[in-house]
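From first to last, the protein sequence lines stand for chains Y and Z.
Sequence positions in the first sequence follow our numbering and run 3 to 367.
Sequence positions in the second sequence follow our numbering and run 3 to 253.
Derived by calculation from the structure, the hints in this document are not laboratory data.
Predicted model only: the values in this text are computed from it and were never measured.
Just so you know, even glycine gets a beta-carbon here, dropped at the ideal spot from N, CA and C.
Treat the hints with care, since some could be wrong.
[Said to hold, decoys possible] Short, incomplete list of chain Z residues facing chain Y, as computed with Cβ under 10 Å: (1) L19; (2) G22; (3) K23; (4) D25; (5) P26; (6) L30; (7) R31; (8) I32; (9) N36; (10) S40; (11) V44; (12) P74; (13) T118; (14) S120; (15) P144; (16) S189.
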Amino acid sequence: MSRAFQPLTIPASAGIGLRSPHISEMLTRRPSAGWLEVHAENYMGDGAGVDALEKLREIYPLSVHGVGLSLGSARGVDHDHLQRLRRVCERFQPDLVSEHLAWSVADGAYLNDLLPLRYDEEALAIVARNVETVQGTLKRQVLIENLSAYVAFADSSMNEAEFLAELVARTGCGLLLDVNNVQVSAHNLQYDAKAFIDALPAGSIGEIHLAGHATNQVGADTVLIDDHGSRVPPVVWTLYQHAIDRIGPRPTLIEWDTDVPVLDVLLGEAMWADMLTASIMFSRKQAARQAAAAKPRPMPTLLCFESARTSMPVLAAFAAAKARPVMPVALPPMEGGIPCCRLSICRPPWRARCSPWNQWSPRTC
Amino acid sequence: MARSVLAMEPMVASNMLTAGKADPLARLRIYQNNTRSSLTAVLMAVFPVTVRLVDERFFRFVASEFIRRHPPVESRLARYGAGFPRFLKTIDTLSDMPVVAETARLEWAIAEALDTASLQPRTLADYDKTDLGPSPDILLQPSLRLIVSHWSILSVWTAHQHGTAVDRHCTWTRRPERVALWRAGNSVRLVLLDRADFAFRHSLKHCLGLEHAASRAHALEPNFDLVSALVRLFADGLVTNVRITVPPLSN
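Turn these sequences into a full structure, and let the hints guide you.
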């Protein structure tokens, strides 16, 4: 029987993907993490993980991320699987629910991978119908995630960003912008990653994913593999900065699925995401203040000054972290210039909700 | 394209796909590899002792064949692998090692139990002041699995747990073992049962009632101690409810 949980809104700050090696530590230590995301398919049974997630759901805002609906399937979504997803949502009452723009089921076989669609009118009608079925069943908006791809269909009549924008217009769904996926696909299929982000309807983006990828050399072909098995690389941080600059702060998830490190590494990555967002927003406010100062107005600027002060503690922590010598931990320092440090800022979960941006809600956009 | 990814059919026509300057068919093999390696990892996680019994490289080969012939039919991967023990029995190389498939059967039961609810157990004291009648229904934990094998599967499984030194020259003997296992929190408890206790728990698990369970156990072992068996059931935390059965009214 479902229990009633207090609604916990996911803040526009960083969270982490909950992985089984970390569950016990999360329960005992209850570290500062803005929010948690779980794969829906891992919680469709009745194992010990389900009991643990019920306990964690009392403390942390939750996002449920599906990987198995196969929204691109022409035969429609699997009714039984959709009902299982509905029960997961009823059980854990997540604040966000998301799935992928992909197909993974064909001829009764589940491939356990996310394959690309042909981006044309026919596929758009299929995916739109499936998304409407899902939203109708779950009685809520779902966020649809862009794909990491290694191939594309030669006869697509639109690109993925255009497809997603049209899907939003037709179904009212939101978007989950996976910045690592953008980087992987843009490199592999040779398009402009920033232009992809710019082409998405900014107001519909309700969540961002960050992750690492592997670089494989196959003959003359350098291919990026979306393995979620390393720290967020500098090129993805740069793209994330571009996204935040354009759309503003969003709930941002650190995903890590293979070679999962100790929990502190994930929390550290989440901290960097928060700090990067804070510094971008601080710079933006500073620029706005300078622009306002250049054009003197009769109104006093006290309100604006107070508003800017709300970002300072985080920025000060950022500066302090940069100035302080790096503390060694179990893992080697990150490659690419961002140092690895023990997560010394133990922000309690409720503090994340006091973020200056916690008013933003994807469903009100 | 799906059958290409599962390596069940030749690759799709290359002119259907594009991959920048790269060969699209080479890129399609990335999906093939992702599918095979991720599903192999699922099987290796479910059957760790089987992996050790046959060597990892051989396990990967067999898993690859299993995935190609029996891909998952749903995206709940906790349910993937049910047919793997039976598939192992069809592998010629393993025909003189039936203990491998039997141990895999035990490992699948463990995986099933771990994905099943663990209900609040009842104690004998809960029924101190209750008249349960002559033959109450005793409901057991839904995660309880009962396995009988002609091979010493629990001994094999135990010998391959972490921290246990495995005697590589040991030959596993043909010796029947009856195993009960159930989820206890984050782990699984496994116990060996004799014929009578196995029959007793088997009858209760299938809701045949206490009277039927006791008579089956007695038929196999005239000295079967019903009171001790009941106490063990409660002590193991296996009893989730005791229902009083109402005898049918006779006219």
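Do the hints match the structure? See the list:
For Z:L19, the interface hint holds, since its Cβ comes within 10 Å of a Cβ in chain Y; the closest pair sits about 5 Å apart. At about 4 Å, the closest approach between the beta carbon of Z:G22 and any beta carbon in chain Y falls short of 10 Å, and the interface hint on this residue holds. Checking Z:K23 against chain Y by beta carbon gives a least distance of about 7 Å; that is within 10 Å, so the hint holds. Contact between Z:D25 and chain Y, as hinted, is supported at the beta carbon level, the nearest pair being about 7 Å apart and thus within 10 Å.
Given the 10 Å rule on beta carbons, the hint for Z:P26 holds: about 5 Å separates it from the nearest Cβ of chain Y. Look at Z:L30: its Cβ gets to within about 6 Å of chain Y, closer than 10 Å, so that hint holds up. For Z:R31, the interface hint holds, since its Cβ comes within 10 Å of a Cβ in chain Y; the closest pair sits about 9 Å apart. Hint status for Z:I32: holds, given a least beta-carbon distance of 5 Å to chain Y, under 10 Å.
Taking 10 Å as the C-beta cut-off, the interface hint given for Z:N36 holds, the closest approach to chain Y being about 5 Å. At a threshold of 10 Å, the smallest CB-CB gap from Z:S40 to chain Y is about 5 Å, leaving the interface hint in force. Interface restraint check: Z:V44 against chain Y, minimum CB-CB distance 8 Å, threshold 10 Å, status holds. Because the smallest distance between the Cβ of Z:P74 and any Cβ of chain Y comes to about 4 Å, under 10 Å, the interface hint for this residue holds.
The interface hint given for Z:T118 is met, as the beta carbon of that residue sits about 6 Å from the closest beta carbon of chain Y, less than 10 Å. With a cut of 10 Å, the hint placing Z:S120 at the interface with chain Y holds, because the nearest CB-to-CB distance is about 7 Å. For Z:P144, the shortest C-beta to C-beta distance to chain Y is roughly 8 Å, which falls under 10 Å, so the interface hint holds. Interface restraint check: Z:S189 against chain Y, minimum CB-CB distance 8 Å, threshold 10 Å, status holds.
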